[in-house]
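**Student:** Taken in order, these protein sequences are the chains called A and B.
Each residue of the first sequence is one higher than the one before, starting from 1 at the first, in this note's numbering.
Each residue of the second sequence is one higher than the one before, starting from 1 at the first, in this note's numbering.
One should not assume that every hint holds.
Computed from the model, here is a short list of chain A residues facing chain B with C-beta under 7 Å [what the hints assert, rightly or not]: (1) V33; (2) L44; (3) Y45; (4) V53.
According to the in silico footprint, chain A covers these stretches of chain B (three or more CB under 8 Å from chain A) [stated by the list, open to error]: (5) 19-28; (6) 32-43; (7) 109-116; (8) 125-131; (9) 151-165.
Read the hints as simulated data drawn from the structure, not as lab findings.
Cβ coordinates follow ideal geometry from the N, Cα and C atoms, glycine included.
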Amino acid sequence: MVDKKAPGPSPMTPNPIPADDSAVPPKKRNPNVKDHIGRQLRALYDEVANQPVPDRFMELLNRLDEKSGDE
Amino acid sequence: MMHDTLPAGAQIRRDMVAAIPRLRAFAVSLCGNPDRADDLVQETLAKALLNIKSFTVGTNLLAWLFTILRNAYYSEFRKRRREVADIDGSLSATLISKANQDDHMEYLDFRDALQKLPPDQREALILIGASGLSYEEAADICKCAVGTMKSRVSRARSRLSELLQYDPGSGQSHLPASDPD
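Isolated chain A (complex conformation) (with noise of 0.2 Å):
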């Protein structure tokens, strides 16, 4: 849980400001909210779901799979 993909800077900040740190607005009053929502909501999403599936998965299926095989 510890990485992600960085939304990076928002290409939704509503008026162009000149390169200065201290005219950086806010993230977190991101105006379209809907939007960040579904971003970060992905983000926790994807960043499991792009994972490789853990062996401890496959040895259950396989483990299963003899027992079922059994009948």
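Dock chain B against the given chain A, drawing on the hints supplied.
**Tutor:** The following block gives chain B in isolation, referenced to the frame of chain A:
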């Protein structure tokens, strides 16, 4: 004449393996804890294989697995209700690095807010907004009407908006105190 015991089983198994990443993602978003999420997935797979005969070949395996996972989550949820730990609190303490503190805080805030939603709204939002299911599929999984699903998603978004906009008037912030002064 073809005897197809192997192909059907092999196909289901392949589909099941292919579904695991999305099951894990669904579980993490739903319960907010990676370890518990994997336990849920494990339980889901075990139950699925035990009950594989009740799965109708040709129907949506992912939806079927999501349904099982969801049921496992809710029965777990009822059992564990009393021991809801400060998972996000302890996690946020370990994970924050100064370099990406802002992004990271935002991310943790989001996870925190997501966990604050009522479970029915949370799962609706995840199914529709992240796992890419249709409203019909999601409604089928949650055993509710499509209209109910739509309204849950909409309420989830409104509630999250409230939680994430940090309305100063609300007084009770869910944010970790970053500035004790």
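**Student:** A separate judgement is required for each hint: does it hold in the structure or not?
**Tutor:** For each hint, the structure was consulted:
no. : hint    : in the structure
1   : V33     : holds, 4 Å
2   : L44     : holds, 6 Å
3   : Y45     : holds, 4 Å
4   : V53     : holds, 5 Å
5   : 19-28   : holds (count 7)
6   : 32-43   : holds (count 5)
7   : 109-116 : holds (count 4)
8   : 125-131 : holds (count 5)
9   : 151-165 : holds (count 5)
Hint compliance for this structure: every hint is met.
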